[in-house]
Amino acid sequence: MLRIECPCCGPRDHDEFRYGGDASVSRPTHDDPDPEAWYAYVYVRKNPAGLHREFWQHVIGCRQWLVVERDTRNHVVSSVTFARTSRA
Amino acid sequence: MAPYSAFQIFRNALSGQKNWQRAWRAAEPKPSYDVIVIGGGGHGLATAFYLAENHGIRNVAVLEKGYIGGGNVGRNTTVIRSNYLLDGNTQFYEFSMKLWEGMSRALNFNVMFSQRGQLVTAHSADQLDGFGHRANVMRLNGIDADILDRDEVRRLVPYLDFSDTARFPIHGAIFQGRAGTARHDAVAWGYARAADGHGVDIIQNCEVTGFIRDGERIVGVETTKGRIGAAKVGLAVAGHTSVLGAKAGLELPIESHVLQAFVTGPLKPLVDHVVAYGADHFYVSQSDKGGLVFGGNLDGYNSYAQRGNLGVVREVAEAAIALMPCISRIRLLRHWGGAMDMTPDASPIICPTPIDGLYLNGGWCYGGFKATPASGWCFAHTIATGKPHPLIAAYGLDRFRTGRTLDEAGAGPSAWLQ
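Protein sequence lines correspond, in order, to chains A and B. With our numbering, letter number 23 in the first sequence gets 23, and the count goes up by one each step, no holes. Positions in the second sequence are counted from 1; adding 1000 to them yields our numbering.
Among the clues, some could well be false.
As the list claims (entries may be wrong) - Below, computed lysine-lysine pairings styled on DSS-like, alpha-carbon distance capped at 27 Å:
{"hint": "1", "chain 1": "B", "residue 1": "K1098", "chain 2": "B", "residue 2": "K1387"}
{"hint": "2", "chain 1": "A", "residue 1": "K46", "chain 2": "B", "residue 2": "K1247"}
{"hint": "3", "chain 1": "A", "residue 1": "K46", "chain 2": "B", "residue 2": "K1065"}
{"hint": "4", "chain 1": "B", "residue 1": "K1247", "chain 2": "B", "residue 2": "K1098"}
{"hint": "5", "chain 1": "B", "residue 1": "K1065", "chain 2": "B", "residue 2": "K1098"}
{"hint": "6", "chain 1": "B", "residue 1": "K1247", "chain 2": "B", "residue 2": "K1065"}
Said to hold, decoys possible - Ranges of calculated distance between the beta carbons of each label pair, as one might list FRET restraints:
{"hint": "7", "chain 1": "A", "residue 1": "G61", "chain 2": "B", "residue 2": "P1325", "range": "27 to 35 Å"}
{"hint": "8", "chain 1": "A", "residue 1": "P28", "chain 2": "B", "residue 2": "N1110", "range": "52 to 60 Å"}
{"hint": "9", "chain 1": "A", "residue 1": "K46", "chain 2": "B", "residue 2": "R1334", "range": "28 to 36 Å"}
Claimed, not checked - What the simulated footprint calls covered on chain B by chain A, stretch by stretch (three residues with Cβ under 8 Å from a Cβ of chain A suffice, anywhere in the stretch; the number is not a length):
{"hint": "10", "segment": "1018 to 1029"}
{"hint": "11", "segment": "1057 to 1070"}
{"hint": "12", "segment": "1374 to 1383"}
{"hint": "13", "segment": "1406 to 1416"}
Think of the hints as simulated: they come from the structure by calculation, not from any bench. Note that the structure is a prediction, hence the values are computed from the model and not measured. Just so it is clear, CB atoms sit at the ideal spot from N, CA and C, and this is done for glycine as well.
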């Protein structure tokens, strides 16, 4: 099991969490008319073999959205923060 | 190279089977080639073979960072079928099926293609209606498809759970009799040997570390065995397409995810077909050695690790037992993982790229094995002519930008949910 150190609940198995994908993409503003920006937001991913910033939600716990930094080659988690502060 | 035949086995028996030739040469790179195919998996080797066979382009190298058959071509569950619903997919996978039917003869290599039939169980009247729609599409495209009711499914596969307590009662199934399995290593070896027979250099343990450019155009690759020039470069490295794409300056709609597969200890013959569970993600066939080979869902988070997590082992086991309670006491022999390119619509990408001289074949999600021959055929055409083969017209990279996605799974744009 991957273990994620939830800042609210402590270390928990990853199957308590829901994956939310790449946290490095940013959503265009709602009225952005540029289709290219929306294409990049919806589809294009850096998909690194290495450090990856990603969303996880602790659904069977505090239900907080987290940003986890994890190495996609060996699953070593290097940092976990609340998404609401991390995005600021 | 002497063709394989029963006579050859007999002749070599006279000398103790000691005088067989290598199936392909251990080639070292030349300074340059007409075409370099990066990736010595099934798709890359098939591409090289059809470049030579169909287009007469024989000055070709296949660069493989590991060994032939060590990637996803040796890690899949070997299922071959052409039961796709959407235009573009339906015709492409049926073309692939036809190539499978002639493959052993075309390659002079027994790929042990076994058309044992594949069925997908339906667990509600609505799901069976959906399968009826799919079967009609298949038949209109000249593909064999049958809809079975509950009794017919029971006669065919009586070992599934037909009890009153089944979690998801079986209403029926969609069946494709020409579907089946093949020996995956033999496919890699067969294409490698046949490509080598046409003069293609297969270079193992040669990792591509970068691209050589002349202005905007790609004119070769940097590798762990030095610089190699090429008029055209084809990328066939599904699982790692983003990594090599990034080296070329391409940002792609792909995420890499790990998919696990499993095999049990050997049993007496039980599963005569390929059986897929319509209520969850689980499919099973029985290998010639007797092991049940099965798979399920992705682990569900970006991964290049080629090994999976135990949570999925449990989920797959739960689905297996729900469908086939009779295997609840069988032990797993092995399980393993492979890194998949997952696209946002679960369909592949084969096309010329915006970069001159670079061609892309990837995004196979977990459906790449069955596509091997058609993928190689169409990618070779695309590289040779510079234009997409008509059968892959729907697989362009621009379909995400233009809204023409081929969303066979209907799962929305999150790659890990396909």
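We went through each hint and held it up to the structure:
Only pairs whose Cα atoms come within 27 Å are accepted, and K1098 of chain B paired with K1387 of chain B is accepted, the gap being roughly 23 Å. Taking the CA atoms of K46 of chain A and K1247 of chain B, the gap is about 12 Å. The hint holds against a cut of 27 Å. With a C-alpha separation of about 22 Å, the suggested pair K46 of chain A and K1065 of chain B falls inside the 27 Å cut-off, and the hint holds. A distance of roughly 36 Å separates the Cα atoms of K1247 of chain B and K1098 of chain B; the hinted pair therefore is violated under the 27 Å criterion.
A distance of roughly 31 Å separates the Cα atoms of K1065 of chain B and K1098 of chain B; the hinted pair therefore is violated under the 27 Å criterion. For the suggested pair K1247 of chain B and K1065 of chain B, the alpha carbons sit about 15 Å apart, so the restraint of at most 27 Å is met. Our hint of 27 to 35 Å for G61 of chain A and P1325 of chain B holds, since their Cβ atoms are close to 33 Å apart. About 54 Å separates the C-beta atoms of P28 of chain A and N1110 of chain B, a value consistent with the hinted range of 52 to 60 Å.
Taking the beta carbon of each, K46 of chain A and R1334 of chain B are about 33 Å apart, inside 28 to 36 Å as hinted. For the segment 1018 to 1029 of chain B, the stated coverage by chain A is violated: 0 residues have a C-beta nearer than 8 Å to a C-beta of that chain, whereas at least 3 were required. Counting residues of the segment 1057 to 1070 of chain B whose beta carbon lies closer than 8 Å to any beta carbon of chain A gives 0, which falls below the threshold of three, so the coverage claim is violated. Check on the segment 1374 to 1383 of chain B: 0 of its residues sit with their Cβ under 8 Å from a Cβ of chain A, so the three-residue criterion for coverage is violated.
Remark: the segment 1406 to 1416 of chain B is confirmed as covered by chain A, as 4 of its residues place a Cβ nearer than 8 Å to a Cβ of that chain, reaching the required three.
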